[in-house]
Amino acid sequence: MKFHHSITISRTRKMEGEETDNISSLPEALLLNILSSLPFKEAAKTCILSKKWLKMWQSTNTVKNNQLECKDVEAYGAVEVAQRKAFKNFIKIWITLHKCHHLHDKFTLRVSPPSNCGDIVGAYVNFAVEDGVKDLELDFAESQSEDEHPEENIHDAVEFPRSLYENKKLHQKLESLKLHSCSFAPGNFANFVALKDVTLARIPLELESIRTLLSTCEWMESLSLKNCWDIESFDIEKLELKKLVIDRCIFRMDYIGFEAPNLKVFKYCGSEPPLSEVKVVAGTIEEADLDLSPMDEFDECGNELQNFLQDFFVVNVLTVCSVILQVIPSGDEPVKLPGDLRVRHLKMKIQMHPQEFCGFLWFLNSCPRLTKVTIDLDRCNILSEYEAPYVVDLKDRKSLPVPTCFRSSLREVEMNGFIGTSSQLYACSYFIRAASILTKLSICFLNNKNDDPHTVELRRILESQLLRIPKASSDLAIIIR
Amino acid sequence: MSGISDTERMITLKTVEGTLFDVKSSIAKDLKTVQAFIDDSDDDVTSPIPLPNVFTRELSRILDYLNNHHRFRSGIEKADEEMARYDAEFAKSMSHEELKALILAANYLNVKDLLEFLNQTVADVIQNKSVEFVRNFFGIENDYTPEEEEKLRNENEWAFNGVEQD
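In the order they appear, the protein sequences are chains A and B. Using this note's numbering, the letters of the first sequence correspond one by one to residues 2 to 482. Using this note's numbering, the letters of the second sequence correspond one by one to residues 1033 to 1198.
Bear in mind the hints are in silico, worked out from the structure with no lab data behind them. Be aware that one or more of the hints could be misleading.
What the hints assert, rightly or not - Far from chain A, some chain B residues (derived; all Cβ distances over 10 Å):
{"#": "1", "residue": "Leu1052"}
{"#": "2", "residue": "Asp1054"}
{"#": "3", "residue": "Gln1159"}
{"#": "4", "residue": "Glu1187"}
Said to hold, decoys possible - 20 Å max Cα-Cα, derived SDA-like pairs, lysine to any residue:
{"#": "5", "chain 1": "A", "residue 1": "Lys348", "chain 2": "B", "residue 2": "Asp1112"}
{"#": "6", "chain 1": "A", "residue 1": "Lys348", "chain 2": "B", "residue 2": "Glu1113"}
{"#": "7", "chain 1": "A", "residue 1": "Lys179", "chain 2": "B", "residue 2": "Asp1112"}
What the hints assert, rightly or not - Calculated from the model, a selection of chain A residues having no Cβ within reach of chain B, i.e. all distances over 10 Å:
{"#": "8", "residue": "Cys48"}
{"#": "9", "residue": "Glu131"}
{"#": "10", "residue": "Glu207"}
{"#": "11", "residue": "Ser234"}
Glycine included, each C-beta is placed from N, C-alpha and C at the ideal position.
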């Protein structure tokens, strides 16, 4: 019986601790794969490793598209020529390799081309997807942290390869498109009948472009805008989408207005609550995820935030962040929302820091139908200049309210990333003592795989403390992991 | 094909040290080398399949990875975050020697997804490192003369003159 790929790799163990695995004896395709996972400049440097690596870097695989010889050499300076040639080689290798691995289904290209190489990219992407793919992702953004202001990324956006607009196979097959720092013509997607899912990131956008895209792509179900800027506002009368994500975009006017009868999922991330006029349908809208963690310092925008939140009062699942908890009680309603939220599952991404306590209670008070609470603990953005509307002492059991949901609907509480701070313990205690129909409290420690004796001991102490707290609900099971 | 459904069949693999691993056939499918062996066999494979180039430590890691990824993929939406966390931990938990050994094993067994992940991990390791480090990592002997190396650097000055990132 023969193995399909029989590669005998000699592995000599010379001395203890000194293995000489000759990874260099790996087939070229594998080394090329590693090479192509590097950023372009790093990959170019590998030519210096040895002559064999130089050859690999320069190697030409069989590429059908022969018309891509360097044009207009005289137009560029010598450095640019070398750079352009190197880039061409690199991307040729990369795309050919990639095409072999991911035939027909998915093509992802992450490269920051030098400024004179946009056409090379276009030609090769065209070659890579000429048979059509389901999932196409082009990421031309220079690598930078997601928090940096996108406009500071001065790199000119590369254009979406023109020939792709006419690719009939793509028209039939393409379901998901993600473009980062890639400019495009929104009206040209009319023939992409399978396109359901579009993500646009790190480009300046015009509201009109978004409107055009939405109206020409009738089958679109999901639109995500991430780190885009220069958009007038998000003012779209009617949205057919099922999912909308607006993530750290910079609008000229912070206004979000739309009617979306099919919307199931809405996610928003920004540094302040936008002015909003949103119409969604109860029973259809499933979840809303609101994230204000980019906020710089404490801003008393509780009223604006409550108005924004109220547009989504019919969601089933609501996710909120630490900043929201810190800000929401700063309006006219510091204790609870006057009308109720219909939320059944509340997810909080918080630290359990004293600045969050007022907001913590605010949400519990505002969700009388809550059946489940999930708390994902992590270090969060604790705002400077914070002012509490009133004092909450989690230690003082008698001062804490018993929200309606504690008595009538709350069945399950889940805490993840638990490290056992006193605030976290008091929060557990609050649930245990006051939630009278709670059936399950599960606490997952942050380092639950850690066998360090100190951690094990800490866990043991915390467990015994928790189990000693008198339970309001006789059916309560406390699970500690 | 036998009457037993594919997912229930167990395949036994034997490493260099003679350790036996029982693997579900659905997982074995990801070990393309092994799967080819099974496909080539006329009868059902009952005796342990020997893997003369794979050590216990590596096979154990590979199966761990595959088992976890199968688990993540069969679950619901949230699994992406968990999977990313698992992958990060997995990459961190190995020394460079272990990483290289794992690539060799994954390449031999032709485990496509893991191999890609490991390649990316290696790329991350060697990024922004000195030429000596990278040569040492891959066990490459420098066959350039100092003059040749100097010439190459000059020709590709734009690549070597970058501002090193933190």
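Verification of the supplied hints:
1. Leu1052: Correct as stated: the minimum Cβ-Cβ distance to chain A is 18 Å, above 10 Å.
2. Asp1054: Aspartate 1054(B) is indeed farther than 10 Å from all Cβ atoms of chain A, at 20 Å.
3. Gln1159: Since the minimum Cβ distance to chain A is about 5 Å, glutamine 1159(B) lies within 10 Å and the statement is violated.
4. Glu1187: violated, 6 Å
5. Lys348(A) with Asp1112(B): Holds, because 18 Å separates the two Cα atoms, which is no more than 20 Å.
6. Lys348(A) with Glu1113(B): holds, 16 Å
7. Lys179(A) with Asp1112(B): Cα-Cα ~17 Å, so holds.
8. Cys48: The assertion about cysteine 48(A) is violated, with a minimum of 6 Å to chain B.
9. Glu131: holds, 23 Å
10. Glu207: holds, 31 Å
11. Ser234: The claim stands: serine 234(A) keeps its Cβ more than 10 Å from every Cβ of chain B (closest is about 30 Å).
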